[in-house]
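J.: Protein chains in written order, with the numbering used here: chain A, -17 to 681; chain B, 972 to 1135.
Everything labelled a hint here was simulated from the structure, so no lab data went into it. Values in this document were obtained by computation on a predicted structure and should not be read as measured data. Idealized CB from N, CA, C, for every residue including glycine. Honestly, I wouldn't trust all of these hints.
Stretch by stretch, here's where chain A covers chain B in the computed footprint (C-beta under 8 Å, at least three residues) [what the hints assert, rightly or not]:
1) 1054 to 1063
2) 1081 to 1090
3) 1120 to 1130
Calculated Cβ distances over 10 Å to all of chain A for the following chain B residues [claimed, not checked]:
4) Glu989
5) Tyr1013
6) Thr1017
7) Val1029
8) Gly1104
9) Glu1109
If you want the building blocks of each chain, they are given just below.
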Amino acid sequence: MDITDFYDTFFEEAEELLADMERYLLELDVDEPDIEQLNAIFRAAHSIKGGAGTFGFEALQRTTHLFENLLDHTRKGELTLRRDIVDTFLETKDMLNDQLDAYRNGGEPDQEAFERICQTLQRLALEEIGRDLDDTGRAASPAPDQASAPRIEPPAASTDAGSAEPESGGQRIVTLLGVAEKDRQLLIEELGQLGDVVTHRGDEARYEVVLSSAVGNDDIEAVMCFIIEADQLQITAAEGTETVQSPAPPPSAPQDSAASSVPAAKSAADAKPSKAKSKAKSKSAGETSSIRVSVDKVDQVINLVGELIITQSMLDQTVSEMEGVADSALLNGMSLLQRNARDLQESVMSIRMIPMEFVFSRFPRVVRETAGKLGKEIELVTEGESTELDKSLTERIIDPLTHLVRNSLDHGIEMPDDREAVGKPRTGRLTLSAQHQGGNILIEVIDDGAGLNRDRLLSKARENGLNVSDSMTDDEVWQLIFAPGFSTAKEVTDVSGRGVGMDVVKRNIQGMGGHVEIMSRSGEGTRIRIVLPLTLAILDGMSIKVGDEMFILPLSAVLESLQPAKEDIYAMAGDDVVLKVRDEYLPVVAVHEALDVPNAKTRLTETIAVIVQGEGRRYALLVDDLVGQQQVVVKNLETNYRKVPGVSAATILGDGSVALILDIAGLHRLNRAKKEARRPERTNHSLEALTDKELETSS
Amino acid sequence: MNQTTDAALTAAEAHNREFLVFSLGEEEYAVDILKVQEIRGYENVTRIANAPDFIKGVTNLRGVIVPIVDLRIKFHLDKVEYGGQTVVIVVNVEDRVVGIVVDGVSDVMTLSPDQIKPAPEFGVTLSSDFLSGLGSLEDRMLVIVDIDKLLTSDEMELVERVAE
C-alpha cells in the first residue's frame, strides 16, 4: 500500500473542512465572536495542517501552520477581530483552496502567492499582537501560554490552558489494534516524523509503539486517522518514570527543526496545548453518520434498480395477460414485488439527493464580496436550504445561479442613496429560495431593486438588431435579457463583466432540462425563477401511441387531454392550425408529422389532443391514443448515438423495447422547420411527410 | 536452431490479425475482431424520426441504448431484406457501442501482413479512407473495413460534431 492511496481521502476531507471554515468565518460576528466558531475554524486549519504534514505538502502545511497560530491568538482573545482581518482570513482560506487544487492536480502551488500569503499573515501578527508567528509556534510550550493566560484570556478558553496535558512531551504508548503489516510500517514512519520511536513490537492484533514526542495526543490521532480508524488506535502515557525523565530531550528536537525551518517538522514544532478530546469525539460521532461512496458506485446501483423495475413491469405485464389467473398468492406476490421495487427505487434515488444548502452556502461569500466591490448594502436571505436536489444537478446549477446573483446585485439592487431617495430601506435584500413543486424544484433569485426596464430592454434589443415590437408581452421582453450578447448595463463593471453571459445561463439551465422565468415589477424588484426537474434519472411519463409507435411524454408537462371538436379547430395562414381550448388558442403540433410516423390518424377530430407545456408555452399535441402512466428510467441517447430533434432521451419499456421520450418545445421547433421547408412548394395542405433532405436544408 | 524458428514464428504471428468476415449481398467484408463486442439477431428496433435511412433506429442491449446501422442501405445494395438470417454485429468504436446490420457472418480469419494489400482509390460509395486494405485469401477477396473511421465519419451521422 502506498501513501498516495490516501491522497484522495485527504483532499476530500480538506475540501470539506475548508468549506466549513468559510461558513464559520462568514457567520462570525466581528464584535462578539463566538468562541465555539473560532474553535471550529481553528480545528479545521489544524486538521488540514496535520494531513498536509503527513503527505508532505509543504506549502500547504506552512500556510496552515501560520494561519492556525494566528487563529489560536484570536481564539485566546489576544487578537481582536476586525472586518478586514476576517477578509484576510477568507483570503487565506482561498489560498489554501488553491494550494489544495494544485496538489490534487499533481503540481506544486504557486510559490509567489504562497510567500505573499505567509507574509500577510506574519505582518498581521506583528501589527496586531506584536509577535512573530513562528516564535509562538516554537514557544508554545505550556509555560508561556499559562503566563499569558491571565492577561486577556476569555473564560471559555481557560480550561484549555489549564489542561496543560501532563503527558504531552513525555513518552507514550501508541497501540495499534488489528493493523496489517504494511500499514504498520507506514504508521511507524509517520510516528517517526512526530517524534522519536523508542521501541515497537507486537503482532497484527496488538502492536505497541513507544513514542517520545512533544506532540499532543490528538495530533497523533489526526495523523494516524488518515490510515486507520479511530477505534484501532489507543494512546496512553508510558508507565513508570519516563514521563518525568524524558521531557528534556524531546522538546529540543522539534525546536531545532523549527529553527532550521524544515517544514516537515512543523507539526511537531507546534506543541500547542491540546484542546479537548471532546472535540475529537464529537467529530468522530459526525463521521459515523455518513460514509463516502463514489458516485460511480451509486450510479451503478441506480442503473441496476432501473433494470429491476423494468423486469418487474415485464413480469407484471405477463401475469396480467395470463388467462384466468386465480392464484391469489401469485397476484399478492406480484403486488408486493411491485411495491418493494418502487420503495427500493425511491430509496436509491434519494442517495443522490443533497440539500440545496450545498449550493446556497457559497452565496454569503459571493454577496459579501460583490456588495463590497459595488459599494452597496445587501442582506442575503436564504429559504428552503433543506430542499433536496440530485447531486449532478446541484453541481451544475452553481455557475448559472452565481451569475444570476451577481447580476441581481449589480443591475437589480440600487445604490443605498438611490434607494433612500425612493423611500426604500438603504439595505437591499436578496433572497435565494428553493422549494419543491410537483416533480420540479423551483429555485428563485429575488431582489427588491429597481426591476427591469421595459423601454431600455426594447431599445437595446433594437440596437442589437433583434426583432422586437412594442406590442410584445412583458414576459417576452424580459426573456430578451437571455439573448446572446445582450447587456443593458450602462458600463461594464468588474462584477458583471466577468463570467458567463445570460445566454449561457439559459442554455445551461435548458441543458439540465429546466427553464427560466422572469417576473419583474418596476421599482419593486425582480424575481428570476429557475425550474428544474428533481432528478434526471427517472421520469414520470405518460405513454402515448402514434401509428404503431409508442412514445413517452414527461407527465410534468402534460396539463390535460381532450378530443378536439371540429368547431374548435382553426386554420391559420395556410397550414398552421390552432386549437381553441377554453378561450386560449394553442398551436397544434401533430406528432406523426413532426416524427414522420406512418399509419397514424390524420383526421384531427379522430385524434386526441394532449395539452402540454414546454419552455413556458402551451401546445396541443396530437396523438392517436393515450396508453397509460408509468415511471420510466431515462436513458441517454447521446451515449452511443447523437441528439435527435424533438426527442430528449429514451427509455426501455416493459417488453424490452426502446421508446423515445418527447421533447415538447423541440417537437414544436421541428414541426415549424418542416413547414418552413415545405412552404415554397406548398401546393396543397395535406400533411405529407417531408424527405430528410428537405429537413436538412431547412435547418 | 529450433528456437530461432520458434521466435521467428511468434514474431510473424504477432503481426497476424484476426478478422470477422461478414457478407453484404455477394461481397465479403471483414472487420478487426477486437472491435466486435457480440453478434445478435435483428429485432425490436425503435425507429428514429428524421434520421438517414441507413440508421434503422435504436435497440436495447441489456439496458444500453444502441443505434443500429444498416450497411446494406449505406452501400446501396439492391436487396435489403430482414429475416432470420439477418445479423447485427455489435462493435465498439471510440467508447461507443453501435450495431451494424449485415446479411450474414461467415467466419473468423487470420491474415498475415502480406495478405493485406493496399486498397485502390475507390468509387463514390465507399471511400478508400474507410478501408484498411483488401485481404486476399486464395480466390477470395475480403474488403477490410476500418470500422472506427467509417462509423465516426460525418457521412454516417452517428456522432455529433461539435459546432465550430
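J.: Indicate, hint by hint, whether the structure satisfies it.
T.: Going down the list of hints, with the structure as the test:
Given as covered by chain A, the segment 1054 to 1063 of chain B fails the check, having 0 residues with a CB less than 8 Å from a CB of that chain where 3 are the minimum. Coverage of a stretch by a chain is defined here by at least three residues with a beta carbon nearer than 8 Å to that chain's beta carbons; for the segment 1081 to 1090 of chain B and chain A the count is 0, and the condition is violated. Beta-carbon proximity to chain A at under 8 Å applies to 3 residues in the segment 1120 to 1130 of chain B; the threshold of 3 is reached and the given coverage holds. With a least beta-carbon separation of about 25 Å from chain A, B:Glu989 lies farther than 10 Å from that chain, consistent with its non-interface assignment.
For B:Tyr1013, the shortest C-beta to C-beta distance to chain A comes to about 13 Å, beyond the 10 Å cut-off, and the non-interface label holds. The Cβ of B:Thr1017 does not lie farther than 10 Å from every Cβ of chain A; its closest approach is about 4 Å, which violates its non-interface assignment. Here B:Val1029 does not stay apart from chain A, with its beta-carbon only about 5 Å from theirs, under the 10 Å limit. Every Cβ of chain A is farther than 10 Å from the Cβ of B:Gly1104; the closest lies at roughly 27 Å, confirming the non-interface assignment.
Every CB of chain A is more than 10 Å from the CB of B:Glu1109 (nearest about 37 Å), matching its label as outside the interface.
Violated hints, in rising order: 1, 2, 6, 7; the structure is consistent with all others.
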